[in-house]
Structure formats: structure tokens, C-alpha cells
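Using the hints, position chain B against chain A.
Quick note, the sequences are listed as chains A and B, same order.
Residue numbers 1 to 260, in the numbering used here, belong to the letters of the first sequence in order.
Residue numbers 1001 to 1260, in the numbering used here, belong to the letters of the second sequence in order.
Among the hints, a few may not be true.
[Unchecked claim] A few chain A residues facing chain B, derived, Cβ under 7 Å:
{"no.": "1", "residue": "L9"}
{"no.": "2", "residue": "E12"}
{"no.": "3", "residue": "Y165"}
[Claimed, not checked] Partial pick of chain B residues on the chain A-facing surface, computed with a CB cut under 7 Å:
{"no.": "4", "residue": "N1029"}
{"no.": "5", "residue": "G1043"}
{"no.": "6", "residue": "I1046"}
{"no.": "7", "residue": "Y1165"}
FYI, nobody ran anything at the bench for these hints, they're computed from the structure.
Virtual Cβ for every residue (Gly too), placed ideally from N, Cα, C.
Protein chains: 2
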Amino acid sequence: MQRIDSFPLFVEPFHVDFNRRIFMGVLCNAMLNAAGKHSHNRGWGIPDLMKEGYTWVLSRFSVEFGRMPEMGETCNIATWVNSAIRLFTNRYFRIDDAEGTPIAYCRSVWAMINVETRKPADLLTFRNGELNTWKVSEEEAPCPIADMRPIRNKEATLARSLQTYYSDVDINGHINSVKYIEHIVNLFTNEELTRGIRRIDIAYKAEAYQGDTLLFFTHREDANTLLVDVRKENGDVCVQSRILLHTAPQENNEDKQTTK
Amino acid sequence: MQRIDSFPLFVEPFHVDFNRRIFMGVLCNAMLNAAGKHSHNRGWGIPDLMKEGYTWVLSRFSVEFGRMPEMGETCNIATWVNSAIRLFTNRYFRIDDAEGTPIAYCRSVWAMINVETRKPADLLTFRNGELNTWKVSEEEAPCPIADMRPIRNKEATLARSLQTYYSDVDINGHINSVKYIEHIVNLFTNEELTRGIRRIDIAYKAEAYQGDTLLFFTHREDANTLLVDVRKENGDVCVQSRILLHTAPQENNEDKQTTK
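Just chain A, same shape as in the assembly (with noise of 0.2 Å):
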């Protein structure tokens, strides 16, 4: 079986900014739904592992952009299992636009846990370690954006707080992991959206609920780099984010290569 599944994704005039670029959202989604269809294909997708009361959990997503994929545009989403160890498994991402060239890359770490004990399961024994057949190394598929560094946000101070209601929860009604971005993304000001993002890093440390109000702590760790933490009411930090701008603004179709 092949182990690299691609995705097309066109990018419609009502999913795109004013810049008429893809909403980061809409892209996100649409790797989680790629993710989704490759795990499906193997029998391994969420409504498969939760007949036997497993989901998957996603726990890091970092993702590095050349330029966003802009309106009208056919892109291609590949993606793969890259290794397993006991807990996780890293899944990795490739955005190649219509002529085959990369514009963006995303590691991402995930977990398959028991919805009822919220404990993980070992992935290297699980249906007898069958994941790991699918294992694609980096020397047949690179993924060159750098793994994501610790984020320490102790110096951030309150910039939003917001309502949570039902469109920011997902099918096991904790808020959806691509909603904490798009409320992330909402931070910047019009000119450093158009300046673009280079790189978003998330960790998802705890699960919010429908309801729940989400306190965005932000720090300004260098000119291009804000730190975000999602924290519920009680304190708990729910997401952990670093995004890093782009140091002037995206250039329309010219800046076709992944910045490496």
C-alpha cells in the first residue's frame, strides 16, 4: 500500500481574506481532514478507532509557509506518518502548489487515547504495530522546518478574553483545534496579516469546552515573533503558540519557494 496519500485543495473566493489569500483556519482544516482521509484509508480514522473506544488526539502542529495559497489556486496536500514511538506519532505535511513546488511544511504530534480513561495508547503494540508500516523516513519525504522550540510566555499579559459557544466545538465537543488558531490569527492587526505569517507552533496542553471563556495572554518575543497562551478562567493553559510574520509583506505569486 502507498504510504504518501495527496489531496487536492482549491481555494474558493469565500474562504479567502482580503488579501485574497486562504484563511489560515480553512487551511488547517483542510491538513486535519487530509490527516483524517489518510488515516481512514488504512482503517486507523476516528470513526474506525472509536468502535473500539480510542480517538486521535492532536498534541503539536507546527507549520512553516514560503506564501499562503491564494484565491483560485489548486494546491496539493501530502501527508504521511514519519515515525511512532511508544505514546506519539508524528505526522508530517507538504503543500505543493499546481506545478509541484512546495510552499508550505507541517510536523505535526499526535496521540490515540481511550475516550473513556483519557489514557494514551501504546502505538507500537496497537493492532499489532501496524502504523508502523506505514512509516515514511525523512530521507523519502523531508519535511525541512525545524522541530518546534519550548515556549516559555511567563512575561505575557491579558490581550483578549472570549466566549466560547457551539461553532468552536468539535464531533467530541471540545473546542476544535483549528478554532484556537483562527482566535489566535484574530490578534494581529490588518498590516501584520498582510505582512502574512511565516510560521505558527501550537501545543495543545488541556481541552476547553463549549462555554468556556479563553483568556489569550500574548508576549512579544521579537519583532516577529508573538507568544500566545489560551488559558481557561481557572488558569489552566490550554494552548501554547509562538507566531513568527514575515519580515516584509508576501509578495503575490512571487515568493513561490518554502523559506529554508
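For chain B alone, kept in the frame of chain A given last:
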């Protein structure tokens, strides 16, 4: 040239709510994207029109559901132009399940405006009335739902106020038509959303912009019907809407016919 276009819609796991039904916002976005592609295929898409200084503006949108598409299902969205009078065109939609059984219908009304003057174009003469050549009569393609009834919401009281952000704004810098729908759906309780939405009527009256505070005024017209006005702080009404709930919980996969 064929006059009705159809587009498949696969219901992704990251696009469904806690009832495993597609989010209303995701579905309405897919419908507007289908409209965009139908227009684009005839050289009348927003990017085409913008070259001549015009754009499409959604004026009214009525959608009635037998049931909502569910996770893992592949539906089909068909759309066509039913009629055009001088300043408005009626676009209809039908959503079929994988077996071709209709599960929803939609009637929408659009104007084409000059982006500078904001004045509507005469659709009967624009490009020599070419729009009329794609009309599909009610006999050829029925859309068996009622027209929108007038919405009078004089007794409404303030239910929620919301700040708008970058992610609420479309390519033209206005609050996105579908974002109003998402915010309106968020006004309902989970119990009501489990019963499900049977019909939404929405009339777009005035534009709002990023940073505007939106005020949601509601009035219960009857046991199953909520009227929602969305107003700006200066009192301008942006949107008037009527939402009709199903009387009993939607049975997954049982009530396949649209209510007619």
C-alpha cells in the same frame, strides 16, 4: 451550454458538530462557492466581473432542510439561475444525498453592483442580457419551498453583542454573509440544535465592517421560530432573519426527504 451545475460535497470529520451533522456555516459556504463556480464557468464570477468594476452581492437567502448532511456522507449541490428581473436575479439550489434524493432546497436573490458607485447594474441589459440564456424554469428544475415571508421584528430584545475580527471579513472587507449565519446559529441552545434547523431565511440590508460591534436582537415568533435582527451600534440593521427549528429531534438517516 448546460445551465445547471453540480458539485460534490464530502462531509469531513472536522466540519461536523457534536451531532455529527455538518456545520450550517460550512454548508452555506459550500453553497456560495458552488454559486461562484457556476458563475465562473460562464465568465460571470466575481473575479471576472471585478475586471469590469462590478461584483455580486447576496440580498436574500432561504434554505430549507429535510435533514442536514452527516459525517462521511457525499452530497451533491446543484445550482442554477431561475430568473432575472432588472436589478435582481434568483438563484436556486438543491442538495441531494448520494442516492440522488433531495435533502434541502434554497432560494437566493442577488444583485450585481458597481464597486465604485455601489449602484446596481441592469441585469437584463448587462453584457447584452446573456444572463437570461441560462435561466431554468420552475417546471424544468423545481425548488419546492416557499418564498421568504416579510420579517417584522419590532419587539426584539438584545440577546448578544459581538466584536468582529479579521476572520469575519470577506474578500471585499465586509462582514462575510455566512459569518452572520454562524453567529445567529450560535444563539440557539444545544438542545435546540440537536432538534435541528429546518429553515433559515436571511435578508442582507446593510454592510458591516471589521471592528464593528454587532448586536443580535431576538424575538420568538412562535414555539419553533426565532426572529433575529443584527444591528450595528448606530442602529443600522445589517441582517434580518427567521430561523425555524424542527419540532422533533432529527433522526439520523431516517428523515431523508425534504419537508414538503
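Against the structure, the hints:
1. L9: Interface hint status for L9/A: violated (12 Å vs cutoff 7 Å).
2. E12: Constraint on E12/A satisfied, holds at 4 Å.
3. Y165: holds, 4 Å
4. N1029: At 5 Å from the nearest chain A Cβ, N1029/B passes the 7 Å test, so the hint holds.
5. G1043: Violated - the Cβ of G1043/B stays beyond 7 Å from chain A, reaching only about 14 Å at its closest.
6. I1046: Status holds, d = 6 Å.
7. Y1165: With Cβ-Cβ at 4 Å, under 7 Å, it holds.
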